[in-house]
Amino acid sequence: MIELYESQRAMRNMRKAAMQRGVIAILDVGSSKIACLVLRFDGTDPAEDGVGSLAGQSGFRVIGAATTRSRGVQFGEITAMGETERAVRTAVQAAQKMAGIRVDHVIACFSGAQPASYGLAGQVEIAGVTVDEQDVARVLSACDVPDFGAGREVLHAQPVNFALDHRSGLIDPRGQIGHELSCDMHMLTVDGQAIQNLAYAVRRCDLELAGIASSSYVSGISALVEDEQELGAACIDMGGGATGLSIFIKKHMIYADSVRMGGDHVTQDISMGLQVPMATAERIKTFYGGVVATGMDDREMIEIGGETGDWEHDRRTVSRAELIGIMRPRVEEILEEVRARLDVAGFDHLPSRQIVLTGGASQIPGLDGLATKILGQQVRLGRPLRVHGLPQAATGPGFASAVGLCLFAAHPQDEWWDFDLPVDRYPARSFKRAVQWFRDNW
Amino acid sequence: MRQVRRDPEMARLDPSVSRAKYRIERLMLTPLFRFAMRVGVPCALGFGAVTWWASVEENRTAFNLMVADVRAQFESRPEFQVKLMAIDGASPQVAEAIRATLPVGFPVSSFDLDLETMQQAVIELDPVRSADLRIKQGGVLQVDVTERVPAVLWRSDAGLSVLDADGVRAAWAGSRAEYATLPVIAGEGAEKVVDEALALYAAAQPIMDRLRGFERMGARRWDVVLDRDQRIMLPEEEPVLAFERAIAMQQIPTMTLLDRDIVAVDLRLPHRTTFRMTAEAAAEFRKFKKIEAGGDPNP
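Sequences listed follow chains L and P, in order.
With the numbering used here, letter number 272 in the first sequence gets 272, and the count goes up by one each step, no holes.
With the numbering used here, letter number 180 in the second sequence gets 180, and the count goes up by one each step, no holes.
Hint data in this document are derived by calculation from the structure and do not stem from the laboratory.
Be aware that a few hints might be false.
What the hints assert, rightly or not - The calculated lysine-lysine pairs, modelled on BS3-like cross-linking and capped at a C-alpha distance of 27 Å, are:
hint : chain 1 : residue 1 : chain 2 : residue 2
1    : L       : K33       : L       : K97
2    : L       : K33       : P       : K21
3    : P       : K136      : P       : K83
4    : L       : K373      : L       : K16
5    : L       : K432      : L       : K373
6    : L       : K97       : P       : K21
Said to hold, decoys possible - To spell it out: a stretch of chain L is covered by chain P in this simulated footprint if at least three of its residues, at any positions, have a beta carbon under 8 Å from a beta carbon of chain P; those stretches are:
hint : region
7    : 83 to 89
8    : 161 to 170
Just so we're clear, the structure is a prediction, and the values are computed from it rather than from any experiment.
The beta-carbon is built from N, C-alpha and C at its ideal position, and this holds for glycine as well.
Next comes chain P alone, as it looks inside the complex (with noise of 0.2 Å):
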C-alpha cells in the first residue's frame, strides 16, 4: 500500500486532523463540557487549595488570629467608643441604683455593650417600670427610664412595700410615715387587686381623718378598717357602692353612723345591712328596750 506522505507543505495546503485532536475539540465544544472547564474546574481548585491550606493547624490559627486582631482594631476605633452613661427620667436614687445594676467599665466599645441584657436588667429594678437603652452620637449610653408611681402601701408579712397602681412592688418602705398620703392594704391577694383599693380610696374622701387602711378578706373581698377598730366590711360585687351606702349613712346629720358605739358595719349582704354594736351599746340597747316594754331598768 502507498505511504500516505505528509510533507510540511503539503500539511499547509490540505490540512487533516489526527482523530486525538477531532475528539478532543468536539468535547471542547460540548456545551456541558465547556460549563464545566469555565466554572467547576476553578471552583474545585480553588475549593481544595482552600481545603488544604486550612488543614494545616497553624494557618487556621493564624488566620482566626488575624480575623480576630482586625476585629478588635475595627471595635476600638474612637467612633464606637461609649465614654459616659446619662440616665434620664430616674430620681438620684434610682439613677444610683441603675448605675449599680450596670457596671460598666467607661469607656467602652460599643460592640461590648449588650443593650438587650442590660435593659433587661435595668427593667428588672423594682421602681423601674419601663427603660429604653441606646447609644447616642457622641459616645453616650442613653438610658431613659420610667419609674413606677406609689400608689399604695402594701403590708404583708415581709414588711411594708410600696406598690404601684398595677400592683407591682416599686420600693420598700421603712415606715408608714414615709407615705403618709397613700392608703394601705393588706390581707391575702390584696396587692392584685390595688385598682379596687384605689376606688375604694376615692370614695373615702368624707371620712378620709378615720380611714386607717383596707384589708382584703379571704382573697376576695375588703374591710375599711377605720379607727377605733371599726370596719366597714364591704361585699364582693360592686365594693364601691355599698361603701358610699355606709358614707351615705355616716353623712345623714340625725345617724352619724360611725360615730356611734358599733363595732362593724356589714354590708356583705346588699338588702340586709347588719351593724355590730360593742357590748356595752349592746346592753345598754337592751337596757332601753326593756323600759321601753315597761320592765325594770335593773332588773
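With the rest of the complex left out, here is chain L (with noise of 0.2 Å):
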C-alpha cells in the first residue's frame, strides 16, 4: 500500500505544483481522437464551503483546446506508443498554441485496461471522544483489500459512505463523538500496465503526468446532473474503442466498468458489411447512420462510392434499412453488454434507475428508443456540463470525458491517498521505536 500511496501522492504535489502555476492540461486518451484542454486556474477557490458558483466550476477557464485522431489506441488502451505519442504531442501543441501558453503538467484519463470495482469495508474504535483526522486515517488503511491481482494497480479510492456507531451515510464524521468508525470503499484496479504506458507516453512528451482517472468516472461527473448524482444513475459512455459506464449516488461513485465494444466496431461491421474502406464506412455512419428503421429507409438510397475503377463496383448503392440492419445489431449487443454489466452491479436496486447515454457514439439517431427498450425506461441523452471557455466544437457528448477531467482537475475527490497515514505505519516509527530501545537499555 505503501508505494500506492507514494506514487499518487507524487501526483497530487504535482497537481498542486500545477495549480500554483496556474496551468494545466487535459488529456482524453481516447480510441478514436485524443482531445486536449489547456485550463487556466484564476486562483479563486469556490469550493470553500459548499458548492460555490456555477457548480463549483467557476475557479478556471479552458483557454485552449485541440483534438486529433488517434492512432494506436484501441479498447482504450495504447496498442503502437510512437504512434500515440505523436498524437498527444499533436493534441497538446495545437492546445498550447491557441492558449498562448506552455503547459507542463497533464492530467489523463482512458477508458480501457479492464476496470474493476471492489467495495471495501473497514472498521475501527476511535481513540478518543471525538472522531479526528487520525481515525479516519486509521479506518481507510483498516478496509480489507482483497486481492486484485498482480500487475493490478489502483486507480481510485474513494471511500463512499462512513458510519459511526449505528448512524451511516456520514459525509465527513470528522468531529463527531463516537465509538465505532466503520467506513465504506470503492475501489477501482486497472491493468497496470496500461498506465505505465499511458505515463511513458506522457512523459515521451516532455509533460507531467499529474493526475490519472477512468474515463467512465470522469464522463460521469459531467454528464449527470447533480440531482442524478444523488438518487443514482448510471453514465455509459460510448466511446470509440470501449463503453464505460459508471454508476453514482450520493455524489460518489460505486462502481465503474468498461465494455470493450464501442462506435468503432459498428464502423468495422459497416465497412465489412457493405465492403468499403473504414473511412468511408466512418463517413457513411455519420451521415446516414441509424438503429430504428422506418418505411421511408427501404426508399433512401445511399451512394457507397469506391476508388477500384470498376465502374460496378464503385457505383454500388445501399439503402438505409440496409445500413441500420448492420448497425443494430451491434449498438444491440454493446447495450446488451452494458446491461449485463449493470445488472451484475445491481443497478436494479437502486432508488432511481436513471441512465444517461454520452460518448461520441450515443449521437447515433435513434439510440435512446433503443437504450429505453434494453436498458430501463428512464434513459436520456446526455451532453457534458458547460464550462467556461470550452468551444463550441468541444461541447458535444464526445467531450464528456475531457470536460469531467477539467472538473476533476479543478476539484477532486478525497482519495484514500490524501488521508495521513495512520501513524502506526509510518516507516519513521520504526526508527522512533529503536532509539526509545537504546534510551531504555542504555
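Work from the hints to combine the two standalone chains into their complex.
Okay, structure coming up:
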C-alpha cells in the first residue's frame, strides 16, 4: 500500500504545483480521438464551503482546446507507443498554441484497461472521544483490501460512506462523538501496464503526469446532473473503442466498468458488411447511420462510392434500412453487454434508475429509443456540463470525459491517499522505537 | 511492422508534429525564453555590434572627432556668442582692474566661459566685496560688483592701506592725505577690530581736531593718540565708555584736561585714573607743593 500512496501522492503534489502555476492540461486519450484542453485557474477556490457558484467550476477557464485523430489506441489502451506519442504531441501542441502558453502538467484519462470495481469496508474503535483525522486515516487503512491480482494498479480509492456506531450515511465524520467508526470505500483497479504505457507516452512528450482518472468516472461527473448523481444514476460513455459505465449515488461513484466495444466496432461492421474502407464506413455511419428503420429508409439509397476503377463496384448503392440493419445488432450487442454489467453491479436495486448515454457513439439517431428497450425506461442522452471558455466544437457528447476531467482537476474527490497515513504505519515509527529501545537499555 | 505512410493528402487531413518541432514550439512558448528572445537577444546583438565597431581605433577617433565637431558647431552659433563685458557698480579704476583680471578675448562662446572661476578671480581683487557674473541676453557678460567702502587707514609694516569696516584691505594708500577723513589705526592686531576703532572714532568727535589715530597695544587694548604726543590709554573692557570719560574731563571748562601739560591719561583701571605729566610740569607741581607746605620754593 505504501508504494500506492507514494505514486498517487506524487501525482497529487504535481497537481498542486500545476494549480499554483495556474495552468494545467487535460488529456483524454480515447480510441478514436485524443482531446487536449488547457485550463487556466484564476486562483479563486469557490469550494471552500459548499459547491460554490456555477456548480463549483467557476475557478477555471478553458483557454486552449484541440483534438486529433487517435492513432495507436485500441479499446482505450495504448497499442502503438510511437503513434500515440505523436498524437498526444499533436493535440498538446495545438492546444498550447491556442492557449499561447506552455503547459507542463497533464491530467490524463483513458477508458480501457479492464477496470474492476471493489467495495471495501473497514471498522475501527476510535481513539478519543471525537473522531479526528487520524481516526479517519485508521479506518481507511483498516479496510480489507481484496486480492486484485498482480500487475494491477489502484486507480481510484474513494471513501464513499462513513458510519459512526449505528448512524450511517455520514459524509464527514470528523468531530463527531462515537465509539466505532466504519467506512465503505470504492476501489477501482486497472491493468498496471496500461497506466505505465500512458505515463511513458506522456513523459516522452516532455510533460509531467499530474493525475490519472478513469474515463467512465469523469464522464459521469460531467454528464450527470446534480440530482442524478445524488439519487443514483448510471452514465454510459460510448466511446470509439470501449464503452465505459459508471454508477453514481450520493455523489459518489460506487461502480465502474468498461465494455470493450464501441463506435469503432459499428464502423468495422459497416466496413465489412458493405465492403468499403473504414474511412468511407465512418463517413456513411456519421451521415446516414441510425438504429430504428422506418418505411422511408427502404427508399433512401446511399451512394457508397469507391476508388477501384471498376464501374460496377464504384457505383454501388445501399438503402438506409440495410445500413441500419448492419448497425443495429452491434449497438444492441453493446447495450446488452452494458445491461449485463449493470445487472452484476446491482443497478436494479438503486432508488432511481436513471441512465445517461453520452460519448461520441451516443449520437447515433434513435439510440435513446433502443436503449430504453434494453436498459430501462429512464434513459436520456447526456451532454457534458458547460464550462468557461469551452469552444463550441468541444461541447458535444464526445467531450464528456474531457470536460469531466476538467471538473476532476479543479475539484478532485478525496481519495484514500489524500488522508494522512496512520501514525503506526509510518516507517519513521520503527526508527523512533529503536531510539526508545536505546534510551531504555543504555 | 507496418510502415506508416505520410502522403501529402493524409498529412493535411491528419496533421502531426515531429518531436523537434514540438520541442521548439514549447520552448518558444516559455515566458522566460520569449522574453530573452524579444529583449535579451536584440540587446546582446546591439551591444556586440557596437563593441566590435568600437574596438577599431579609427572608428573611435572618427567618432570622437565627429562629436567634437558637432559640439564646436553648436557652441559657435551666434546665439551663444558673448560679445562684450559690462561692469556695473565699480569705479573706473576697479573696472579697469577687473578687465585686466578677466582676460577674455571677445567674441567668445558662452560655453567657454567658466563663470565660477571668473567670479572667484573678481572677488579676489582687493576693492571688490562681492561680484555677480551672468550672461545676459544679447551676448553681454554682465559683471555686477559691490566695492568695499573704505573705513580706516591701517598703518602696518607693509605700509599704509585702506581697510573697510570688516577689516579687509580695500586698497593701498599712497599717503595719509589721500584719505584725510579716515581715522588711522596701527599696532598689532588692529586690523581685526576695526569696528571698535570706528566706535572710538565716532566717540572722538569733540576732540577731532586733536586726534591723530588709534594704536592697538599688545593686541588687546587701544591707545588714543593725540597731537603733542598725548595718549589716552583705554582699558580692554568698554573702551568707548572710558574714552568718553576722558572727553568729559576735557570738556569741563575748569578742567580741560587734555590742554594741560600731560603726557598720558591712563584709564586702564576704571576706578583709578592716572595722569602722567611732563617732567617740567612735574617739577613745577612739586615746587608748588613745597610752597604750599611752607618750604623754600628754590631749594
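Cross-check of the supplied hints:
1. L:K33 x L:K97: At roughly 19 Å apart (the allowed maximum being 27 Å), K97 of chain L and K33 of chain L satisfy the hint.
2. L:K33 x P:K21: Holds, at roughly 22 Å.
3. P:K136 x P:K83: holds, 11 Å
4. L:K373 x L:K16: Between K373 of chain L and K16 of chain L the Cα gap is close to 45 Å, so the pair fails against 27 Å, i.e. violated.
5. L:K432 x L:K373: Distance of about 64 Å is beyond 27 Å: violated.
6. L:K97 x P:K21: holds, 13 Å
7. 83 to 89: holds (count 4)
8. 161 to 170: It is violated, with 0 qualifying residues against the three required.
Going down the numbered hints, you'll see the structure goes against 4, 5, 8, while the others check out.
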